[in-house]
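Heads up: the protein sequence lines correspond to chains A and B, in order. First residue of the first sequence? That's 1 in the numbering used here, and the numbers climb one at a time after it. First residue of the second sequence? That's 1 in the numbering used here, and the numbers climb one at a time after it.
Treat the hints as calculated values from the structure; they're not laboratory data. Note that the Cβ used here is the ideal one computed from N, Cα and C, for glycine as well. A portion of the hints provided could be inaccurate.
[Stated by the list, open to error] Simulated restraints on C-beta separations:
| id | chain 1 | residue 1 | chain 2 | residue 2 | range |
| --- | --- | --- | --- | --- | --- |
| 1 | B | Asp578 | A | Thr30 | 56 to 64 Å |
| 2 | B | Ala258 | A | Gly91 | 50 to 58 Å |
| 3 | A | Asp41 | B | Glu65 | 25 to 33 Å |
| 4 | A | Ala31 | B | Arg45 | 28 to 36 Å |
| 5 | B | Gly80 | A | Glu220 | 28 to 36 Å |
| 6 | A | Gly147 | B | Arg49 | 54 to 62 Å |
| 7 | B | Gln116 | A | Pro189 | 19 to 27 Å |
| 8 | A | Glu220 | B | Ala258 | 29 to 37 Å |
| 9 | A | Asp41 | B | Arg163 | 56 to 64 Å |
| 10 | B | Arg45 | A | Ser38 | 13 to 21 Å |
| 11 | B | Gly80 | A | Ala31 | 56 to 64 Å |
| 12 | B | Arg49 | A | Ser38 | 19 to 27 Å |
| 13 | A | Asp41 | B | Asp590 | 53 to 61 Å |
[To be verified] These stretches of chain A come out as covered by chain B in the derived footprint (C-beta under 8 Å, 3 or more residues):
| id | stretch |
| --- | --- |
| 14 | 90-102 |
| 15 | 199-209 |
Residues per chain are reported as follows:
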Amino acid sequence: MFTNARSAESTRKRLLRGIQAGPLHDYLATALPDPSMSVRDLSLLAVDLETTGLHPKRDRVLSVGFVPIDGLSIDLSGARRFVVQAGVEVGQSATIHGITDDDCADGTPLEEVLSEVLAALRGRVLLAHYTDIEERFLSAACERVYGARMPVARIDTLELHRRLIVRWGEAPMRLALRLWTARERYGLPIYRAHEALIDAVSCAELFLAQVAEMQADGREITLAKLAS
Amino acid sequence: MSMDVELTEISDFLAAHPPFDDLPRQVLDRLAQALRIEYFRRGTRIITRGEDNHALYVVRTGAVELHDRHGGFMDRGAVGTSFGSYTLLQGNPADFEVVALEDSLCLVINAATFRQVSAAHPSFEAFFDLQSTSRMRGAVASLHVTHNGGAILKTKATEMLSRAAVTTQASDSIREAACVMTKHRVSSLLIMDGDKLVGIVTDSDLRNRVVAADIDTGLPVSCVMTPDPATGSADALAFQVLMEMTNRNIHHLPIIGADGAPEGVITTTDLVRLERNNPIYLVGDITQAADVASIAEASKRLAQVVEVLVTQDASAEDIGRIITAVGDAVERRLLGLAEAHLGPPPVAYCWVALGSRARQEQALAADQDNALILDNDVQPEDIDYFAALATFVTDALVECGYPRCPGDIMATNPRWRVSLNQWRSEFTTWLTEPVPDAILRASIFFDMRPVYGDQQLFHKLRKHILTQAPSSKLFLAHLTKRAGENEPPLGFFRGFVLEKAGLHRATLDIKRGGIGAVVEIARVLALSIGTRAVNTQTRLAAAVNAGSLSPERGQDLRDAFEFISYVRLRHQAHQVRDGRHTDNYVTPDDLSSFEKRHLREAFAIVRSAQSSLGHRYPSTYIS
């Protein structure tokens with residue numbers, strides 16, 4: 001929503017005044033993308049997290065994958081994947097993402113991963129399939145590490161998918177909203193799910209397909225129209 | 001630090017398609033990390049004529065179409081196809097155009113990376129050199145192809161090769177060479193020096209240069225071969241091969257593959273066979289056939305003809321008319337043979353086609369539906385003659401690949417082999433005292449077309465039907481209700497509504513809820529306005545003219561009908577190519593995203609037409 005994007009921008013300005021030098025300061029020093037920007041000129045970062053669970057306070061980030069999108073083109077040279085030295089046991093979540101405690105022990109400390117993510121996200125829109133998870137986990141991590149939240153401009157492919165389905169006159173169904181079902185609709189390649197980088201790439205591809213679908217009638221699409 | 005950027009899925013994909021399949025794994029992994037991914041909605045121009053292109057594209061999903069500088073069709077690229085190399089190698093601006101034919105995801109390799117990989121890997125470079133030259137040749141050829149659709153203009157040389165090249169070494173004796181030819185039953189033999197083609201020997205060479213010249217057959221075959229023969233390239237088109245052979249006055253042309261090795265020989269017989277699949281030749285052969293076996297033999301070619309027509313992108317409507325024309329030719333010839341066999345008929349009769357063939361919309365795998373209208377003068381003792389005639393023809397039709405009608409709607413059924421007056425009263429009963437069950441079975445009789453015999457009998461019956469039908473409200477209401485019962489599979493994106501049981505589980509019956517539904521709508525509309533039209537497209541057009549269908553909905557329905565029919569024919573053409581039986585059951589996985597999207601639109605149009613028709617003849621009439 002437009003109001004959300006605007007309030008994120010004012011939060012950014014407010015937080016910038018009280019933050020110490022460091023990765024979050026550098027992130028906050030760059031303005032969030034303007035809501036009136038055309039999707040054609042937009043820079044985004046498709047992000048996917050693998051976590052130990054769904055609660056940002058209780059659970060931890062295990063792996064981060066991201067890939068930048070510039071001018072509706074996915075740039076694989078900017079693709080990155082990190083396994084995080086989480087300092088907790090992965091537990092049953094390993095059955096979903098396949099990351100073991102040994103992988104985590106060899107991983108990168110959360111501070112380093114976070115600083116990479118913040119540098120990559122600077123001036124970009126956060127893109128994810130169900131952005132709540134990515135935004136809340138990253139923001140919670142920022143609070144733990146830097147003592148402040150991380151305001152973002154965000155686009156949610158799940159939300160876009162829901163809107164498109166409604167537009168197509170179908171009832172939004174829980175199942176159909178899963179990322180993989182959404183991909184099939186656009187004839188996109190099927191990847192093995194739950195690997196952070198591949199999920200990020202696949203989310204980015206879905207976004208391109210959704211934008212193409214929305215642009216089909218020739219209308220100009222702005223960030224404000226896409227933002228959640 | 002454990003940062004890794006394994007884009008395994010992307011490098012795996014590249015590894016499965018030439019020329020990337022020749023590149024080492026580490027190169028592919030590095031290449032994957034240098035790519036960009038872009039998405040093009042169908043109809044989007046990816047490379048524009050007159051503009052610069054600085055990238056090589058690889059189709060990841062979807063399909064693209066290449067057009068030459070004149071806008072002529074050059075090539076179609078499916079998943080794994082690379083394009084754009086031409087401007088990278090020959091310079092800008094592009095004098096061709098690439099358009100997304102379906103929604104397509106492309107991997108994009110920038111010019112610098114392309115050059116880097118080309119420089120380091122000669123096989124990669126060679127692939128694109130070859131691609132750009134053959135594409136240009138394709139572009140020239142396409143100028144000749146655009147306006148004409150003969151198979152000879154579109155088939156490639158490799159597709160005509162019926163067998164691998166038969167070869168022998170130049171040092172082998174003439175006798176040995178002749179034995180190889182006899183063993184493989186070929187009329188020509190390629191003479192090799194190691195891997196290199198050095199000559200050709202044909203049957204007539206053996207006659208003229210060996211037997212007639214009294215040469216020792218123990219001499220090496222190289223003494224009598226035609227050295228350095230003319231050759232054709234594997235991707236040449238059939239008509240180029242034909243021109244080459246005509247210009248040089250030769251009957252055998254060796255075809256050389258991309259690697260320089262001979263792939264086979266094309267003979268004038270191959271070229272003739274190619275044209276045999278032209279429907280005109282097929283109908284000609286059927287008309288001239290002397291017996292049932294020859295007709296059956298010729299009608300077997302129909303499936304191939306359809307396959308060729310589909311690859312030539314003929315419209316479903318045209319293909320339907322062609323299949324119908326062949327079916328008509330078969331029936332007419334069989335009736336001619338039956339009369340020759342049984343003697344002249346005791347009274348006049350008219351043999352009529354019913355259902356899809358009457359509508360000129362026959363597809364492959366269609367049952368036979370036929371009936372006989374007999375002159376009112378017919379006597380009880382004449383019945384035996386017509387029973388024998390019907391039996392002869394329907395049996396022969398089975399032999400020709402038209403299965404019996406499971407509902408027994410055939411001229412062999414005494415009920416459907418009656419006099420004009422009996423037909424009149426049968427139709428009057430259907431129209432004035434409609435019983436739902438009977439209507440269901442009778443609807444096919446309202447699609448009737450004379451095939452053979454005395455057409456006046458048919459015209460009199462038609463007049464009778466068309467004067468009564470428009471005022472038969474109850475009948476029309478029943479027909480409308482039935483037309484609304486075959487629901488199109490609209491749950492498209494939630495997965496198809498699939499056949500739930502039996503052999504065709506997990507498939508979509510594209511005939512019943514798609515084609516069948518439109519046919520039924522058109523039939524109700526046509527009968528309500530009393531038009532003579534039986535073809536569905538013509539009926540819809542007539543309904544628009546009569547004002548009983550809005551022009552928009554009429555056009556929508558006609559487009560939907562054409563598209564659904566096209567998908568069915570393409571499905572059947574695939575089955576023919578794979579040597580399978582043809583049917584109407586489509587597997588969703590076999591549909592492209594383009595087809596899925598359009599099918600959904602088509603089904604939605606059908607559904608909405610069904611419900612608006614329901615308002616016109618509400619089932620309250622029926623209660």
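Here is how each hint holds up against the structure:
For the pair B/Asp578 and A/Thr30, the beta carbons lie near 58 Å from each other, so the given range of 56 to 64 Å is met. Roughly 56 Å separates the CB atoms of B/Ala258 and A/Gly91, a value that falls within the hinted 50 to 58 Å. A/Asp41 and B/Glu65 have their C-beta atoms about 29 Å apart, which keeps the hinted 25 to 33 Å range intact. Range check, A/Ala31 to B/Arg45: about 34 Å between beta-carbon atoms, so the 28 to 36 Å window is met.
The beta-carbon spacing between B/Gly80 and A/Glu220, approximately 34 Å, falls within the hinted interval of 28 to 36 Å. Hint check: A/Gly147 to B/Arg49, Cβ distance near 58 Å, so the stated range 54 to 62 Å holds. At about 26 Å, the beta-carbon gap between B/Gln116 and A/Pro189 stays in the expected band of 19 to 27 Å. Separated by about 47 Å at the C-beta atoms, A/Glu220 and B/Ala258 break the suggested range of 29 to 37 Å.
Checked against the hint of 56 to 64 Å, the C-beta distance between A/Asp41 and B/Arg163 comes to roughly 58 Å, which is consistent with it. Take B/Arg45 and A/Ser38: their Cβ atoms lie about 19 Å apart, and the range 13 to 21 Å holds. The given range of 56 to 64 Å is broken by B/Gly80 and A/Ala31, whose C-beta atoms sit roughly 42 Å from each other. At roughly 26 Å, the beta-carbon separation of B/Arg49 and A/Ser38 lies within the given 19 to 27 Å, and the hint holds.
A C-beta distance of roughly 39 Å is found between A/Asp41 and B/Asp590, which places it outside the suggested range of 53 to 61 Å. With a cut-off of 8 Å between beta carbons, the stretch 90-102 of chain A has 0 residues touching chain B; three or more are needed, and the interface restraint is violated. Against chain B, the stretch 199-209 of chain A contributes 5 residues with a C-beta closer than 8 Å to a partner C-beta. That satisfies the three-residue criterion, and the hint holds.
Consistency with the previously given hints fails for numbers 8, 11, 13 and 14, ordered from lowest to highest.
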